[in-house]
Each structure stands twice: as C-alpha cells, then as structure tokens.
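Novice: Sequence:
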Amino acid sequence: MQRVHRFRVWPDVSLSLLEQLRSLTLRTRPLSTLSILIFLLSVPALSAASELEDCELLLRTGQYQACIQTSAVAIEMKAYGSEWPLVKAQAELALGQYAEAQQTVDAGLKRYSWSLPLRYLAWQIYHLNNEHEAADVLLASIHELASRSAWRYTDSDSLVALGQASLLRGMDPGEVLETFYDRAIQEYPDQREAWLASGNLALDKHDFALASETFAAGLKQVPNDPDLLFGLSQALQRSDPQRAATLAAEVLKINPYHLPSRMAEIARLIDSEEYATAKIQLDQVLAINPHLASAWASLAAIAHFENRPFDETAYYQEALSHHDHDPRVDYLIGKILSEHYRFAEGATYQKQALEKDLKFLPARIQLAQDQLRLGQEVSGWEHALQAHAQDGYDTTTFNLLELKDQLARFKTLEDESFIIRMEAREADIYGQQVKTLLHQARKTLCQKYGLQLDQKITVEIFPDPDDFAVRTFGMPAVSGYLGVCFGKVITANSPASQADHPTSWESVLWHEFCHVVTLELTSNKMPRWISEGISVYEERQKNPYWGEAMIPQYRELILKGETTPISQLSSAFMNPKSSLHIQFAYFQSSMVVEYLVQNFGLETIREILGDLQAGVPINVAIERRTKTLGELEEEYAVWLKAQADRFAPRADWSEQDLRPLLSDDTKRFDDWVREHPNHFRGLMAYASILAEENRVSELETTLKKLVEIYPEYTGADNASLQLAQLYQKQKRFDEEQQLLEQHAHINPNALDVFQRLIERYQEQENWSAVYQTVRKAHAVNPLNQETQQALATACIKLDRRQEAIQAYQAILALEPHNKAEAHYQLARLLQKENQQQAKRHTLIALEQAPRFRAAHLLLLELTTDTP
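The numbering used here applies: residue 32 is where the sequence shown begins, and numbers increase by one.
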C-alpha cells in the first residue's frame with residue numbers, strides 16, 4: 032500500500048492575498064532614493080542590532096530574567112524595533128508571567144501596530160489570560176493588515192506569522208508550506224523561525240521524515256539552535272532513539288531551562304511508569320513556569336494512574352486556570368492515558384477537548400484511534416473520516432483510511448465469541464485453526480483467572496506488516512512487534528510477513544489473548560511489566576518451549592547484576608540498550624510471575640489483578656499479597672541467580688578471552704580446547720575454525736560435544752543443526768534425522784527442520800509422523816504448498832478424509848502450478864458425501880487439463896452414479 036500525502040486549497044482562504052504575496056519578492060524590488068537615505072541614516076543603529084542579537088541569545092539559552100531586564104531597558108530607551116517587545120514577551124511567557132507579557136505586547140502594538148509577529152504572539156498571550164474574544168480579534172486583524180498592505184509583509188518573520196495565522200483559519204497545510212514557510216526559507220535561509228515553523232508543521236502532521244529533513248537543514252543554517260535541535264530530536268524519536276536522546280541532551284546543555292525538552296523527558300518517565308521521578312522533575316519545571324499547562328496536565332495524568340481523583344481534578348483545573356478554553360490540556364491527559372492502554376478514559380478526555388474546540392484536530396485523530404482500539408469501529412472510523420476531511424495532509428488519518436479500504440477486502444469469521452478478520456486467502460487456508468486456538472485460549476485462560484467474558488473480541492491478522500503497524504501505531508514501518516492487544520482488540524502479523532524470522536503464530540495469539548484476560552480483569556489498569564510477564568508465563572504453561580526461556584545472554588546479564596528491580600520493571604521496556612535487552616525485559620517479567628506463583632500461588636496473582644482493578648498501585652498490591660517489596664526483591668534476586676547458576680550445568684561458562692586464539696595459529700586453539708573441553712563459547716568459536724579449515728572429523732567431534740553439554744540451545748548457530756547438515760552431506764540420514772527430531776522437540780519455530788523431517792518421513796512412508804510434523808510446521812507457517820500437499824497425502828493415508836479435503840482447499844487457495852490435479856483429488860475426496868461438488872471440481876480439472884484421463888474416468892463414474 033502506497034502512502035502519500037496530498038495537498039489542496041481550502042475555499043475560505045483569500046486567494047487575492049496569496050496572489051499579492053506571491054507577486055512580491057523583496058530582494059528584487061529596486062531601492063528608492065528614500066530607501067537609500069533611510070539606510071544611510073540607520074548606520075548608528077548597527078550597535079542596537081548587535082544588542083538585540085545578544086538579547087535573543089539570552090532568550091535561547093534560558094537566561095529569561097536577564098533577557099527581560101535587557102529588553103526592558105532597550106524599550107525604555109526607545110530603541111527602535113518590534114523585536115524588543117517580542118523577545119521580552121517571549122521571555123515572560125517562558126517564566127509564566129502571562130499578565131506581564133500581555134502588558135508588553137499591548138505596549139508594543141501601540142508603537143508597532145503593523146507587526147504581524149507581535150500580533151500573533153499577542154493572540155497566544157491573550158488566550159493565556161482568558162481573554163478569548165480579544166484574541167480572536169487579533170487573529171483576524173493579521174489577515175486584514177496583510178490584505179491591505181501585502182508589500183509590507185515579505186520579511187521572514189511576517190511570512191511565518193501569516194502562515195501560522197492561516198493554519199488557525201483552516202488553510203491547507205501544503206499551501207501554507209508553499210506560500211509562506213518555503214518562501215521564507217528560500218529568501219532568508221539564515222532565519223530560524225521559518226525552519227522551526229516548517230519542521231513543527233511536519234511533526235504535527237506525523238510526517239517524521241520530512242520533519243527530520245527540515246530541522247537538519249535548518250541546523251546547517253543556524254547551528255546549535257536549541258529549538259531546532261529539539262525538533263530534530265522529536266523527529267528521530269522512532270527511527271533513531273539513541274541519536275534523539277543525544278540531541279535532547281545537547282539542548283539542555285545549551286538551555287538548561289528549555290521547557291519542551293524537560294517535558295519530553297518527563298513524558299519518557301511517565302511512559303516508563305517512573306512517576307516519583309517524573310513528579311520531581313515536574314516540580315522543577317513549575318519552578319521555572321508555575322503556570323505551564325502541560326506540566327499540570329501531566330500531574331493530572333499521574334494522579335489518575337495513582338488513583339487520586341481529587342488531586343487529578345485539582346491539577347486539571349490548574350492546567351486550565353490561565354486558558355479555560357484550551358483543548359490541549361484534555362488532549363494531553365487523554366493521550367498519556369491512552370499510551371498506558373487506558374483507552375476508555377483517554378477517549379473521555381478527547382471528547383472534552385472537542386467540546387472546547389470542535390476543530391482541534393489532534394483530539395479527533397486520537398479519539399478515532401482510541402475508539403478503534405476499543406472496538407468501537409463505527410464511531411472510530413467516522414472520526415477518522417472527519418479528521419481527514421478537515422486536514423488531508425495528516426499522515427495518520429490518511430494511512431488509517433487507506434487501511435480501512437484494505438480491511439474492507441478482508442474476510443470476517445464471526446461467532447458468539449470472536450470477530451476474526453483475515454486476508455481472504457489466508458482465512459480460507461488457516462482461519463478455522465485460528466478460531467479453534469482462540470476458543471481454546473478463551474476457555475483455558477478465562478477459567479484459570481476467573482473472568483466472565485461477555486463481549487466479542489476482535490482479532491485482525493495482517494499479511495502486510497505496514498498495515499499491521501498503521502492499525503496498531505497509526506503509522507507504517509514500525510518493526511519488532513508480532514502482535515498487540517488493546518483489551519478487546521488484538522492485532523497480529525500473519526506468517527506471510529515473517530519469512531526471514533518465522534515464529535509460531537499460535538504462541539503469539541495465545542500470548543495476546545492472555546492480555547485480553549488480564550486487561551479485562553484490571554480495566555486496563557496494569558503496569559506493562561506484569562501484563563507482559565503473565566502473558567509470557569502463560570505461553571510457557573501452554574507449551575514449555577513457547578515464550579522466553581533462559582539463554583546464555585540472559586544468564587550473563589543476571590550474574591553480572593544487570594537485572595531490573597521488580598519495583599522498576601516497566602522501565603526496562605523503555606529505551607532498552609539493544610533488542611536483546613527488550614527481550615530480557617519480557618523474560619525478567621515472566622520470571623517474577625513464575626516466582627510469585629511458585630511461592631505464593633496463582634490465587635495471589637488473581638488477587639493482585641483485583642487490587643489493580645480497584646486502583647491500588649502495583650507495588651502496594653504486591654506488598655499486600657506477599658511481603659514487603661524490599662524482602663521480596665532480595666529473595667527473588669537470590670532465586671533468579673540460582674536459576675542462572677543451574678543453567679546448562681555441564682557447560683563451562685567461565686570468562687575467557689578468545690580473541691588471541693581467533694587470530695593465532697590453530698595449533699594454539701587445539702591446545703586450549705584440550706584444557707577447556709566443555710567451554711561453550713570456546714567450542715563454538717573452535718567449530719567455526721574447523722569448518723573453515725574443512726577438518727571434518729574434528730568438527731563432528733566438537734559439534735557432538737556442544738550438543739552434549741547444552742542440547743537445548745536453539746540459536747541460529749546451534750550445534751545440532753550444524754551437525755545435522757554435516758550428516759546430510761555425508762548421507763548419514765538416520766543420524767541426521769535423530770538430531771533433527773531432538774531439535775524439533777525443543778524449538779517450536781524451527782520451520783526448516785520441520786520441512787526436512789517431513790521429507791524424511793515421506794520417504795519412509797511414516798504418515799503418522801508426517802501428519803504430526805506438518806501440524807508443527809503449520810503452527811509457524813501454513814502458507815506453504817509443499818507442507819499442505821504432505822498433509823493432504825498423510826490424511827488420505829490415515830483415513831482423515833475431512834482434513835484431507837481442507838488441505839486440498841488450502842492448496843487451491845495457494846494457487847498451485849498443477850490446479851487440475853488438486854481439483855481432481857478434491858473431487859475424489861468429495862465423491863461419497865457431495866457428488867455435486869465432486870462433479871464441479873472434476874469439470875474444473877478438465878477445464879484446466881482437457882486430456883486429463885483420470886478426471887474423465889471420474890466424471891463418467893460420477894455421472895453413472897447420479898440417480
């Protein structure tokens with residue numbers, strides 16, 4: 032699916048104004064005699080310009096009080112320039128001095144009534160002083176002035192102010208970019224405001240690639256600007272989080288009081304559920320600006336999570352105290368709640384935001400996503416359509432509506448418990464297996480945790496990972512997720528999207544349905560760690576080889592003391608050092624759950640979930656149901672270390688520097704291996720060298736040793752598969768098969784192994800083994816013609832006729848090369864129970880292959896048997 036944005040011109044924008052502005056190019060107008068005279072008389076003002084630059088530098092570096100004092104002196108001394116009241120009011124805004132800022136802009140407008148940037152800033156300030164009607168008058172006056180004297184407003188700051196005002200009046204964002212921001216950048220590339228406005232517009236529309244490109248280009252013209260650096264950091268948050276963090280740190284070095292950067296860090300802390308630290312930093316922010324609405328809104332969201340409704344209300348009212356019509360307050364609180372899967376509460380706040388401003392687009396977009404994640408599809412799609420009609424530039428709604436068209440082509444399997452949507456072909460191939468597995472999960476897990484589930488659960492499975500990402504995150508190109516559960520809605524990637532890294536779709540759906548159970552039991556009031564921990568734990572309960580298990584890397588992290596305390600486990604999922612660390616977070620969480628179940632019983636987990644539903648914080652709930660958190664963490668750490676110590680006990684895990692051996696002559700490595708016969712990593716490295724040197728006999732001995740000391744290892748370089756490949760080359764097929772069978776038992780994702788075993792079992796006509804192994808293969812990828820054919824043949828041999836019919840139907844859905852044969856075989860299977868269908872498939876076979884003798888004979892037989 033191609034995703035683009037399209038621009039259009041809105042009819043209520045004054046095209047005459049646009050035409051006037053386009054016809055004027057400041058740099059090409061000839062200088063009049065009067066202009067030259069004015070320039071000559073202004074030479075003494077060069078020092079004043081330098082002083083203004085110094086004052087602006089104070090503003091950019093967070094020296095707000097010094098900036099106010101400097102600009103106040105200049106204004107009192109009648110220094111010319113609308114920039115002086117502009118910079119003074121901006122510094123006052125940063126410190127929360129809203130009344131003083133209004134006095135500054137009022138005085139400035141008396142002297143510089145023609146200044147559009149000053150009027151735009153005044154519009155913001157009037158709203159912050161709850162003077163909304165006066166603010167609206169100021170906004171309207173911007174276009175009135177520009178319409179009367181377009182020639183006056185071709186400088187960069189005026190173009191930016193016009194663009195910002197035009198956006199507020201509903202002008203198409205693409206037209207704003209072209210008419211105002213791009214022109215300002217082209218004519219005044221060394222001016223920061225146009226770069227900022229253009230980059231921030233791209234951010235607002237979720238076009239992160241364009242935002243990144245714009246901010247980076249702006250920084251080449253205006254190096255080390257904290258606002259441009261911050262914008263680039265925000266643009267890179269998803270694609271390059273490490274660089275984004277580096278840029279954010281640079282901003283605070285330049286301006287330690289940069290409030291957007293401080294609030295971004297606070298948002299990260301809230302995401303990590305580090306509420307205590309977030310509150311400390313919010314106190315520091317409010318010490319800078321005691322009236323910052325976003326800070327009070329964040330406190331309200333934290334109070335909501337901590338079940339402090341009175342504080343939530345008080346913080347909410349404080350956030351609106353200086354701008355009681357501000358929809359951004361409700362939007363921000365709701366967005367934070369939704370990011371913690373509290374979609375119902377988040378949607379309520381978005382509705383309140385729209386009551387304050389029906390045209391506030393971010394709230395409508397967020398509400399659309401919240402309702403879609405709640406399964407409220409009619410209203411969710413309606414809000415997405417309204418948002419797109421309001422602004423066709425926003426990439427989130429554009430992608431969502433493209434997805435809506437895609438979903439309309441999906442096939443729906445619905446019963447009393449589930450609404451399952453799949454690509455039509457995939458639904459025909461393994462849709463019934465999906466339904467069967469989900470019903471099994473529903474019965475097992477709902478009964479285990481005591482949930483009476485009285486609503487249908489929606490499950491959507493996407494063959495295109497970009498479609499999955501748009502449905503799940505609102506944008507394409509988000510990798511690393513197999514499935515996501517929102518509560519009543521599950522989204523998942525299908526096997527078609529996992530060609531390079533096959534994973535059991537059965538384990539994914541079991542994991543996600545467990546989220547349904549725990550999120551429903553707690554009304555979505557779950558820290559991420561315990562939600563993921565229970566789901567991974569239940570994967571292992573269903574199949575010991577599903578879910579995260581101990582591996583050498585986890586063992587090493589545990590013994591080096593790099594585990595995260597239980598009280599901070601949710602933070603382990605945020606900004607992990609590597610993909611290994613995010614997987615380790617899942618493993619740690621599941622081991623905490625396993626420890627709690629072993630030592631306190633499953634009922635304790637159910638009681639903790641009940642406490643969470645009542646609004647009890649997780650750490651308090653754990654202490655109520657077990658013991659003090661300090662004791663629990665200490666005892667758990669001892670238990671987990673014991674698990675690591677007992678891991679693969681026959682292997683030598685001692686720290687050894689292998690680098691000299693890898694670069695030295697092989698003789699020295701031979702001697703080292705004799706001294707360290709069970710060293711796992713050393714033997715792995717040694718096996719690689721032996722393979723390179725084609726020392727087959729020694730390689731076989733080494734691989735056997737590796738399998739002996741650690742048979743459960745399933746990494747891509749595991750010794751079992753290397754040894755099996757060696758045996759296959761040597762045509763030692765029985766030994767190969769024995770190794771593959773051992774590996775297939777412990778690795779549910781070993782699709783290549785399953786396929787090779789199916790070949791071996793077919794050669795041996797071991798149809799029962801073929802049948803069992805194909806079922807394992809189809810739990811990873813049922814979209815393979817060869818394994819479906821093997822299943823069909825095995826089912827015929829085992830007299831499992833109905834399953835054979837399903838297998839041939841799947842083969843036909845996969846568009847086989849020999850369609851005639853598949854239709855013929857299906858006709859034979861249907862002959863006894865449905866002659867009409869059997870005849871239909873026979874005729875199709877003959878249509879595909881008119882000389883198909885066996886099909887002719889079958890048709891004759893079917894015709895003769897027809898009464």
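There may be inaccurate statements among the hints.
[To be verified] DSSO-like, lysine-lysine: derived pairs with alpha carbons at most 30 Å apart: (1) 479 x 573; (2) 466 x 479; (3) 591 x 658; (4) 591 x 608; (5) 442 x 387; (6) 310 x 251; (7) 573 x 435; (8) 735 x 760; (9) 573 x 672.
[As the list claims (entries may be wrong)] Have a look at the derived ranges for each label pair, beta carbon to beta carbon: (10) 596 x 680: 54 to 60 Å; (11) 130 x 596: 44 to 50 Å; (12) 130 x 97: 53 to 59 Å; (13) 629 x 747: 28 to 34 Å; (14) 408 x 199: 30 to 36 Å; (15) 235 x 599: 29 to 35 Å; (16) 408 x 388: 22 to 28 Å; (17) 186 x 439: 34 to 40 Å; (18) 694 x 729: 57 to 63 Å.
The hints are simulated quantities; they were obtained by calculation from the structure and are not laboratory data.
Remember, predicted model here, so these are calculated numbers, not experimental data.
The beta-carbon is built from N, C-alpha and C at its ideal position, and this holds for glycine as well.
Novice: Now tell me, hint by hint, if it's right for this structure.
Specialist: Results for each hint:
1. 479 x 573: Given that 30 Å is the threshold and the Cα spacing comes to 12 Å, the pair holds.
2. 466 x 479: Holds - the C-alpha atoms of residue 479 and residue 466 are around 20 Å apart, at most 30 Å.
3. 591 x 658: holds, 26 Å
4. 591 x 608: holds, 16 Å
5. 442 x 387: violated, 40 Å
6. 310 x 251: violated, 36 Å
7. 573 x 435: The hint is violated at about 34 Å.
8. 735 x 760: Distance of about 16 Å is within 30 Å: holds.
9. 573 x 672: Holds, at roughly 25 Å.
10. 596 x 680: 54 to 60 Å: Given a distance of about 27 Å, which is not inside 54 to 60 Å, the answer is violated.
11. 130 x 596: 44 to 50 Å: For residue 130 and residue 596 the Cβ distance comes to about 46 Å; the hint holds.
12. 130 x 97: 53 to 59 Å: violated, 20 Å
13. 629 x 747: 28 to 34 Å: holds, 32 Å
14. 408 x 199: 30 to 36 Å: Holds, since residue 408 and residue 199 (Cβ atoms, about 32 Å apart) stay within the stated range.
15. 235 x 599: 29 to 35 Å: holds, 33 Å
16. 408 x 388: 22 to 28 Å: With Cβ atoms ~25 Å apart, the hint holds.
17. 186 x 439: 34 to 40 Å: violated, 50 Å
18. 694 x 729: 57 to 63 Å: For residue 694 and residue 729 the Cβ distance comes to about 20 Å; the hint is violated.
In this structure, the earlier hints numbered 5, 6, 7, 10, 12, 17 and 18 are contradicted, and the remaining ones agree with it.
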